[in-house]
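Following the hints, put chains P, L and Y in place on chain R, whose structure we already have.
Chains as they are written, first to last, in our numbering: chain R, 17 to 115; chain P, 4 to 553; chain L, 77 to 397; chain Y, 179 to 807.
Quick caveat, the hints were computed from the structure, so don't treat them as lab data. Where a beta carbon is used, it is the ideal one built from N, C-alpha and C, also for glycine. One or more of the hints may lead you astray.
Stated by the list, open to error - Sample of chain L residues lacking proximity to chain R, with all beta carbon distances greater than 12 Å (derived):
1. His128
2. Ala141
3. Val159
4. Arg191
5. Ala277
6. Asn284
7. Pro288
8. Tyr296
9. Val302
10. Asp303
11. Leu316
12. Arg338
13. Gln344
14. Arg345
15. Ala347
What the hints assert, rightly or not - Here are the simulated SDA-like cross-link-like pairs (lysine to any residue), alpha carbons at most 20 Å apart as the crow flies:
16. Y:Lys340 x P:Arg477
17. L:Lys239 x R:Asp72
18. P:Lys402 x Y:Ser789
19. P:Lys473 x Y:Lys340
20. Y:Lys391 x P:Ala309
21. Y:Lys340 x P:Glu472
22. R:Lys114 x L:Lys188
23. R:Lys114 x Y:Ser789
24. P:Lys31 x P:Trp121
25. L:Lys239 x L:Ala225
26. P:Lys525 x Y:Thr370
27. Y:Lys638 x Y:Ser789
28. L:Lys188 x Y:Arg776
29. P:Lys182 x Y:Asn762
30. Y:Lys202 x P:Pro405
31. P:Lys402 x Y:Lys638
32. Y:Lys206 x P:Pro405
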Amino acid sequence: MSPVNYVYLAALLFTIGAVGVLIRRNAIVVFMCVELMLNAANLTLVAFSRIHGNLDGQIMAFFVMVVAAAEVVVGLAIIVMLYRSRHSASVDDASLMKL
Amino acid sequence: MSFPLLTVTAALPAVGAIATAAVPAAKKSAAKWLALTVSTATLALAVAVLVRFDPGGARYQLTESRPWIKDFGVRYEVGVDGIAAVLIALTALLVPFIIGAAWHDADEVEPSRPNRRWRPTQGFFALMLAVEAMVILSFAATDVFLFYILFEAMLIPMYFLIGGFGDRAHAAGEEEGAKQRSYAAVKFLLYNLVGGLIMLAAVVGLFVVTSDQLGEGTFSLQQITEARADGGFQLDTNIERLLFLGFFFAFAVKAPLWPLHTWLPNAMGESTAPVAVLITAVVDKVGTFAMLRFCLGLFPEASEWATPVVIALALVSILYGALLAVGQRDMKRLIAYASISHFGFIILGIFAMTSQGQSGATLYMVFHGVSTAALMLVAGFLISRRGSRLIADYGGVQKVAPVLAGTFLIGGLATLSLPGLAPFISEFLVLVGTFSRYPVAGIVATSGIVLAALYVLLMYQRTMTGPVEKPEVRAIPDLRVRELAVVAPLIALLIFFGVYPKSLTDIVNPAVEHTMSDVQKKDPKPDHPVADKRWFDYKPVDDHAGGDHK
Amino acid sequence: MFSASEASSSSMDALNLAVNSTSAAEAASFWVLGTIAVIGALGTVLLRKAVHSALCLAGTMVILALFYLANGAYFLGIVQIVVYTGAVMMLFLFVLMLVGVSAADSLKETLKGQRWLALACGLGLGALLISGLGQASITSFTGLGAANADGNVPALASQLFTKYVVAFEVVGALLTVAAVGATLLTHRERIEKSKSQREQAEERVRANKHLPPLPAPGVYARHNAVDRPGLLPDGTPSDLTVSATLLSRGQVREVGPEALHRVAVLEQRTADSHGQTEHGRMYGEPHDPDRDVDDADDEGRGSGREAREARQDAREEEATK
Amino acid sequence: MESLIGLLVGFPLLGAAVLLCGGKRLEKTGHWLGVVLAGASFVLGAVLFFDMLGKSADERALHQHLFSWVPVESFQADVAFQLDQLAMTFVLLITGVGTLIHIYSVGYMEHDERRRRFFGYLNLFLAAMLLLVLADNYLLLYVGWEGVGLASYLLIGFWQHKPSAAVAAKKAFLVNRVGDAGLAIAIFLMFTTFGSFAFAPVLSNATEAGEGKLTAIGLMLLLAACGKSAQVPLQSWLGDAMEGPTPVSALIHAATMVTAGVYLITRSGAIFNAAPDAQTVVVVVGAVTLLYGAIVGCAKDDIKKALAGSTMSQIGYMVLAAGLGPIGYAFAIMHLVTHGFFKAGLFLGAGSVMHGMNDEVDMRRYGGLRKYMPVTFVTFGLGYLAIIGFPGLSGFFSKDQIIEAAFAKGGTQGWILGAVTLLGAAITAYYMTRVMLMTFFGEERWRGQANEPHPHESPKSMTIPMIVLAFGSVFAGGLFKIGESFVHWLEPVTQFEHGHSPLSAPVVTGATVVTMLIGVGAAWLQYGRRPVPAEAPRGSLLTRAARRDLLQDDLNHVALVLPGEYLTRGLVYVDNKVVDGAVNGTAAAFGGLSGRTRRLQNGFVRSYAVSMFGGAAILVAATLLMRAV
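One chain only, chain R, in its complex shape:
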């Protein structure tokens, strides 16, 4: 089999993650779905690094991870704040940004 399949898989996961982001209301779950998408992206990077035989892809993936980690930290903190202030983790409750 060709390692491209990994990329197919990644595409699939990415899509699922995307749908999750769109349909779930619980901010934390939404977050998880974002993580899923990031991971899918990582998988493609890794697969491509193998296909092209150089490590830049992996390094990219590495950076993605780090950034993702940072993002998770901050994001979760925000969720906690949100929860404290409005006692709900639903993204729909935070819908004040409108005219």
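What follows is chains P, L and Y alone, placed relative to chain R:
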């Protein structure tokens, strides 16, 4: 380069504005006095400009020229001809009186406790000075781009003056008043912005055509007119007409010319009387002035092409404004519509393209400024006493406040341009100038003077005469010293210029000659010219040399 | 052991760089694990309870880690397990605990047409991606044998600290900032010093509310777990008896109907013994008896919300005082 | 001497300025200042007059150039005065009668707390009127012209607390303003025709211009004259103007201001002479007004309104005469002067009567007053005899001359005009007799009515001027007639040629006297023999129409006022709804549009996310398509 008098004249109020705005919250009266002194000093400088200006000399004097934005050939170029000089003088003259009349206008919006952030009084007077600075500089600007920037920039302070410090005397209660106010302010802003944007397009267009005709693009009025004079700068007819329309539209909004006038009654009605004077007597004059200087100066052929339409519109403005003034129930709106009618006269005079018409129009700008100031300020004093703008709420004021009524009447008579008062001179010149080229238009416009009498006297009759029926009216006090000090000089000026307008015509005439030569027009010659001989050159023919037997 | 085989294969293909296909073992593992990964992903998206989604996600991540290893990204594989499955997911779980473990959102959609749009977008995107890949037609691939010749980690390191050193440093800074930011965000500033017990007591007296300590949970209820509200004489559960946190999380249990019934009977008896029957009607049947246990949580959250509002009001009253 | 001319205007102007700005401290003495300055101006006028007599006919005209007023290119207006015989005549009339009326007012306005301002206005009026007659060009004349209008506005509306007075004042100013517009247009025409509007150049070159232009100028001047002199069709203001204090009516609406139109026509004689059509129109206007005023005068019970009607008709005589050209100018002015005397006298008399009858104006409430106010009776009676043209009194001479000139016009025109003037004379006799009888004879109808008045003679300050004017109205005419002195005096300015009437002078005179006697007789039959009913009888249709000023106001109302009101209302509506509506409409349209689009911004992160992903999908699709293509 000699002492930059014009720049200083324009800069002084600007600096004064900043200083006034910086006055601490607790020191309200200090801010007022500061503003007053600054504007008076500006007046002194403006007088200096008039003195330094030599009517016989070059077309533009006291010129300064520095490069500003090299890439677009924009220069900081200022200079005055006779017209600009007198208009600068007018501006500098009116503002102190406006400030004096507005002495307490900002107090109503003052917060109960002095507040570092919200200092209405300081802001109010600072804005007024800012407007003055911009107007003066825009009169002096001989660089189209510089003028454009000022033309637009003066909207900002005006917007806040109208919207922020409006007339509290509103029939429909406080918050309804606030709604009306903001409506008026926004309307004012939008109208003028639209005009300005169209003008901006024309300005860019001007740059383009100059850059491919003269090598590098320029906005310098003198440069362009000179180039035109020596044939180095010819415009394609259609392009010239488009550019003309672009400029004219903006000025017609500002002036305002029918049917672009509807912002004026709201703006003047909702703002306090002094601000209303600032609008109609000072800021709007920039529009008519710009027609005279830029439309005619830059695009003479197009101006001639547009003349029939413009004259028609001007006539409509004259009659329409007058008729609507007759129909108004609200004093300030009435005066606003009267102003529309008067602007019609000014534009008529400008586009009649005769020297009488144009000097008439220039004088009209000045005299209309003074007369409207007198009338509107007195009306403002009256309104502030009674707390209502509706004519129907008055009646018999003359009995309780004779001096107020007297000044009001004189202002009104000036507005209907009674001979002996200044506006008569300008109006008559405009009419003569128009008649000598377009007799029909002249006659139609003349019918406007009857309507003027109608609306002024109707207002006077309904407010001032008759028995005193309403208790609020009985309680109206007569003019106070401050108010008299504001109005009396204006009236004195009206009378002085009515008797001796020569002092202004001597300054204005040469400039008008230049404009006439710009548009390559000559005054129409009389059919049977008589040499202007004096009386004693004639002896009455008497065939019966009868002595008398008394 | 995949990694070993991969290593061997790569070392073997060191000379001819272009290989057309991977080992059958890898293929098999791909198909098996891939399916599981997809199932995990679906679980993440579809399960109602956040905790379950979290666990599914963890599973998917582990499998992805294995795939990294299979693709010769040994370092990344380990990092994936340590950082993601180890740290990040744990963080998620912590937050979940904070927010309420059993809190689960009902899957009924509130935004009109959102779900269908979402599906359309997602599937459309997926289809496009896959079709795009289909166009790509990559037949042969270069293994990492050459690149990983002297080990994957040293190779990465050599690049990371030479070519990408700046990015590396920046990312470090980013992490620090993120950490500080998170602490700042979550740290709640105390405006006033916390009230001493005495002060609280005095306040209660002044407010003249609940002078006695709050009633214990579970009174009259079937059993007295902390998340069971005590029952008032007329059989209505009282929110005062359970802790506010539980209320806010909506984790207060319902009291079964028979408990209520027993209360009614008990009270009836006492009433009879006192010969006062006119109380009878106020121990009526418990409100809406036909309640199935499934949406107990929803109900619970509901009551929790009311209680929350009650508390809100109380706080406001204090503020006004 | 020239340098003094300015002072003629200067004195009263100074007076006006001081009195109006002076404030309270002048309340006590202010009116005397006014009187003195008016008198000073009269004295100065007299001095100049005698100086003028000392010169031969063609050096008499003086000229003073003060300063260049509005110089713009070929438009050169100067402030310059010209004092020739015509102007001199007016100066004497204005200052003389004016001074007398000042004195009279001192008594008449004694109890008015705003007396100071009243005298200020009177002085202002004198100044404006003098400026009008002294100006050496039409623009400066225009200033005086409107200045007079202003003064009359202020004086008519002097009792502003009366709404009727305020309305009347406004009406007067507006109607005059119409005339002023005519004068303005006339000036434009002169400027475009001759390039000048000073008397000398224009008048001496009038013949050069085409007749069409001159006719136009003439008609515009006539319009102006109609406005100021209350000639048909701009006569409607004069009746209401009686709202003003009686001295005002005497000064402005009898002696001076209303004669300005006659002055203008006479002054512009050169233009009219060269434009016969215009002259015809002038004559017609004069004739019509002559009868119109007379008829109105017959029907009024308000003594002042009756006199106003007679004024209108007398000025009709003057205008008619002026319209006759060189054969009439001199007589027009002569009648103007004599009329100035006796009409002022009549008005002052009427004022004195009202003064004694606590401001009652209805003649049906008078009667038999002669024994209560003898002086008034005598002076009024002399004025009466003068105006009806009783042989020997001034009115007789001046009017007779005009009638003669009317016949002398020649042709059927001549006959018609002659007839009209004779008829006018008859009617004049009729209504003046009516006034006389109703006021001073018959039983005392004022007895036994609520707040019964106590008729009494007026104070000296009022009677003396009346006496002086009575002398004027008796002897002026004869004085002028002696050796045609007045005609010769004016001749250098107005030119004069003897009209050749188809009837010999004695015949005309006889006819005049006879018609006059008929009029008197008719009046006596109606009001002398039978007692006058205290309430006006319903009267014939004509009478009722005449009471309503022959429906002129109703006509104006229907023809001008109503349409005007509807027009303005309509325009206000249009301005709000159409002109403004267009703008607000666009604004509203944009508002609605943004309102719709704003719905997309619903605040839900997830729906934003959907759109985001949708966008991403579209982008990917686009790239793929690009690669496919």
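Quick one, are Y:Lys206 and P:Pro405 close enough, alpha carbons at most 20 Å?
-> Holds: Y:Lys206 and P:Pro405 sit about 18 Å apart, inside 20 Å.
Are the Cα positions of P:Lys402 and Y:Lys638 separated by 20 Å at most?
-> Status violated; Cα separation ~31 Å.
Beyond 12 Å from each Cβ of chain R, as asserted for L:Arg338 | holds, 34 Å
Far enough from chain R: is every CB of that chain over 12 Å from the CB of L:Asn284?
-> holds, 28 Å
Holds or violated: L:Lys188 to Y:Arg776, with C-alpha atoms at most 20 Å apart | Given pair L:Lys188, Y:Arg776 holds - Cα atoms ~17 Å apart, limit 20 Å.
Interface exclusion of L:Arg345 relative to chain R, criterion Cβ beyond 12 Å | L:Arg345 is indeed farther than 12 Å from all Cβ atoms of chain R, at 41 Å.
Given the proposed pairing of Y:Lys340 with P:Glu472, does the C-alpha separation stay at or below 20 Å?
-> Status holds; Cα separation ~12 Å.
20 Å limit on alpha-carbon distance, applied to hinted pair L:Lys239 and R:Asp72 | Distance of about 10 Å is within 20 Å: holds.
Interface exclusion of L:His128 relative to chain R, criterion Cβ beyond 12 Å | violated, 10 Å
Interface-negative label, L:Tyr296 against chain R, beta-carbon threshold 12 Å | holds, 28 Å
May I ask you to check that L:Val159 keeps its beta-carbon over 12 Å from the closest beta-carbon of chain R?
-> Violated, since 6 Å does not exceed 12 Å.
Was L:Ala347 rightly flagged as not at the interface, with every chain R Cβ beyond 12 Å?
-> Its Cβ never comes within 12 Å of chain R, the nearest being 40 Å, so this holds.
In terms of the numbered hints stated before, the structure departs from hints 1, 2, 3, 4, 18, 20, 27, 31, listed from lowest to highest.
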